[in-house]
Amino acid sequence: MPSFEQERFENGGRRELWLSLLFLLLAGVLIALPSRAQEQVATALRSTVLSPFLLMQESLVQTRIRAEDVADLQERLDAAAATLAAQSTLREENERLRDLLQLRERAGPDFRSASVLRSGIRGSESMLLLDVGGRDGVAVNDPVVTAQGLVGLIRESGSSRSVAMDWTHPDFSVSVMTLDGGAFGMVEPRSGAFREEDRLILTGVPYYTTLDPGTAVVTSGRGSVYPRGILVGTIQELASTEAGWMRSYWLQPAVRPAGVNQVLVLTGDPASGSAEDETGLEGLWFDPEPEPDTAGVGPDGGAR
Amino acid sequence: MRPDWGYRAILVALPLLHFTLHVGLGLERGAPDLLAVGLLLLARELRTGTAAGVGFMLGLLEDAFSLLAFGANALACTLLGIVGSRSRELFLGESVFFLVSYLFLGTWLRGALHWLLSGDEVRSGAAVSLLINGPVDAAYATAVGVALLFVTGAWRTDPRN
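Protein sequences, first through last, are from chains A and B. Our numbering puts the first sequence at residues 283 to 586. Our numbering puts the second sequence at residues 26 to 186.
No lab work stands behind these hints: they were computed from the structure. Virtual Cβ for every residue (Gly too), placed ideally from N, Cα, C. Treat the hints with care, since some could be wrong.
Chain B regions said to be covered by chain A (calculated; three or more residues, Cβ under 8 angstroms) [stated by the list, open to error]: (1) 39 to 53; (2) 77 to 87; (3) 136 to 144; (4) 163 to 172.
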């Protein structure tokens with residue numbers, strides 16, 4: 283290591299001490315800032331000094347996506363086309379029956395496909411940086427999903443990027459129900475000894491309702507954040523019981539955030555659904571009292 | 026003798042490389058903590074207040090990606106800068122053994138400080154963080170940091186020592 287000059291504390295020592303204390307104080311202030319202010323500082327840094335690094339990862343992710351195996355994509359396209367062809371008669375029949383019952387068509391949710399950018403920096407757990415933002419129609423509290431199920435929701439939306447928190451975040455909670463609508467409850471994260479051991483817990487299940495392992499748990503649509511019918515996880519085992527009152531169950535999460543590279547951001551406004559809504563989203567976002575035989579996920583992955 | 030410019034250039038390049046590997050290339054935990062290595066080496070070249078300022082700025086940049094423990098990196102790196110700068114008073118090491126020990130302990134200390142400053146909701150168990158992940162991460166960062174210094178020729182032991 284090259285040599286150095288000893289600091290002359292008899293001359294500048296006091297100034298250095300005050301300077302050190304000032305920076306320590308500033309760092310302390312950062313920790314004490316309200317979360318809104320912290321997010322503003324973080325956004326400012328990400329959109330200026332750190333922007334080149336994020337742009338580099340964005341371009342790398344895009345390149346990787348473009349370089350995906352074409353044959354694999356073709357295979358998936360063929361499979362999707364075959365499924366669609368097989369369902370076309372069912373669809374016609376469904377439309378006819380809907381006409382007879384005078385039911386309106388339900389539109390699928392609006393969504394934006396997004397790539398997940400990762401920083402891998404200490405403290406960035408539970409956070410997903412997405413390459414879509416306000417100009418793509420992404421707003422705060424939009425749900426983030428994959429084909430496997432719920433990932434989290436948008437926490438902060440910039441013009442071209444957004445920050446999402448996944449379900450491992452301590453603030454995450456979602457109102458859920460079983461697929462048959464037989465039990466409702468709230469799902470929250472519980473951290474494990476390792477990040478990989480983080481899992482979900484379903485609380486508030488009535489004491490006399492028992493759920494078998496493997497039972498699918500989906501969003502209930504209550505709370506006007508998450509649309510109904512997104513898979514959250516499956517029942518793993520009983521966590522605890524409050525005698526005569528309620529039960530809690532451990533859930534096997536449907537999605538492990540660490541393995542997520544591509545997500546969908548659902549951009550519709552779940553609270554705006556109404557009978558007169560021209561978007562036709564009524565019943566998709568808001569159906570707080572599901573009928574047991576109609577609740578759940580349709581064959582297209584959307585809520586029925 | 027003042028440090029040569031090649032050495033200083035490497036010290037500045039280490040944090041840049043850190044962000045390139047972690048954020049630019051998205052290598053996550055596959056990339057070493059070169060920010061701590063760069064800060065530890067820089068701190069020994071700077072006055073205490075300046076080292077604290079550099080640590081604060083570098084930590085703040087890391088905190089831009091931290092939803093759960095904002096400010097923890099800034100405070101940890103500020104403290105690390107101060108400790109690194111003040112370490113000159115205690116250790117006048119110029120040997121490879123000193124370099125390796127200094128970087129290993131400093132990088133581990135950085136992780137430990139961040140663990141302490143993060144909230145209960147964020148941090149995993151003390152044993153896992155401080156006794157398993159911490160030493161492994163520190164050893165990895167030290168090995169890569171020392172290798173970089175030797176490969177680039179930035180490290181030259183003073184022949185007088």
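Given coverage of the region 163 to 172 of chain B by chain A, checked by CB-CB distance under 8 angstroms (3 or more): violated (count 0)
Given coverage of the region 77 to 87 of chain B by chain A, checked by CB-CB distance under 8 angstroms (3 or more): holds (count 8)
Stated coverage of the region 136 to 144 of chain B by chain A [criterion: 3+ residues, CB within 8 angstroms]: The restraint on the region 136 to 144 of chain B holds, since 4 of its residues have a Cβ under 8 angstroms from chain A and three suffice.
Mind checking, does the region 39 to 53 of chain B have 3 or more residues with a CB under 8 angstroms from chain A? holds (count 9)
Going down the numbered hints, you'll see the structure goes against just number 4.
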